[in-house]
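Participant: Please work from the sequences and hints to get the whole structure.
Letter 214 of the sequence shown, counting from 1, is numbered 197 in our numbering, and no numbers are missing.
Careful, some of the hints might be misleading.
For each label pair, taking beta carbons as the anchor points, the in silico distance ranges come out as [claimed, not checked]:
#1 Glu120 - Met49: 33 to 41 Å
#2 Asp188 - His45: 48 to 56 Å
#3 Arg6 - Glu170: 28 to 36 Å
Taking lysine to aspartate or glutamate pairs in the EDC-like style, the calculated list, with each CA pair at most 16 Å apart, reads [said to hold, decoys possible]:
#4 Lys176 - Glu59
#5 Lys176 - Asp106
#6 Lys148 - Asp127
#7 Lys176 - Asp56
#8 Lys176 - Glu8
These are computed hints drawn from the structure, not numbers from a lab. Because the structure is a prediction, the values reported are computed rather than measured. Glycine residues also receive a C-beta, built at the ideal position from the N, C-alpha and C atoms.
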Amino acid sequence: MTALLPEATSSTSSSTTSPTSPRAELSLPLVVTSLMRGVVYREAAPEVWRHLVALQPDLRDHVATMGLVAVVDEAEGYAFLRQRPEEPAEGGPAIPRLVARRSLSYPVSLLLALLRRRLAVADTGDTGGRLVLSRLEIVDLVADLLPDPGRRNRLLEQVDGHIAKVVELGFLRRMPGGAGGSDGRFEVRRVLKAFVDAQWLADFDTKLAEYAATQQTQPAVEDLP
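Facilitator: Structure representation (structure tokens):
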């Protein structure tokens, strides 16, 4: 993850998302530089998305030379760059990382896991593909998982900072028009599904069980890929 996500803007024409644009007017530099800044959403950047979808083979070839992989989910409407899995060097120097890994604190990891599970529940219902939660709903998600009053209160005192960190990572978006504070509302970005997968959740559950058994301070959880 490399940058905050841009505010969503509405598309004024269905032609902005057509993947059949004349190749001569497509811009690979536009696509690459947009992805280097962070996640590209179809709804937030329809013009960039149009170029991106049409230029996927060129994009993948180009970023591969930098040790990156382009992840494009046309169904969900997002794309981002991921570092290619590290492989043993064969007589050549290792490629430096362009996409930084970020260590996650236990509270932030817990919040990501809870939001990912809530997103999975929403996907089974009829929510129009969007999950929007109030700050109080997010607080309740955390409080329900921590029965010990002392630990729960300490975590809830800092919940706004943890929410802000998840916003910075790009997995939550503050809804426009909100007054903030206790009545602030947040959209859970669907790109969370690509980063917090079943294996990540399983690893986190293991660490959470160890934490509950030892009652010790939880160390940082494994970085996001």
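Participant: Each hint needs a verdict: does it hold in this structure or not?
Facilitator: Hints, one by one, checked against the model:
1. Glu120 - Met49: 33 to 41 Å: holds (40 Å)
2. Asp188 - His45: 48 to 56 Å: violated (38 Å)
3. Arg6 - Glu170: 28 to 36 Å: holds (34 Å)
4. Lys176 - Glu59: holds (10 Å)
5. Lys176 - Asp106: holds (11 Å)
6. Lys148 - Asp127: With a Cα-Cα distance of about 21 Å, the restraint between lysine 148 and aspartate 127 is violated, given a limit of 16 Å.
7. Lys176 - Asp56: Holds. Lysine 176 to aspartate 56 sits at ~11 Å (cutoff 16 Å).
8. Lys176 - Glu8: Violated, at about 33 Å.
Hints 2, 6 and 8 from the list above are not met by this structure, while the remaining hints are.
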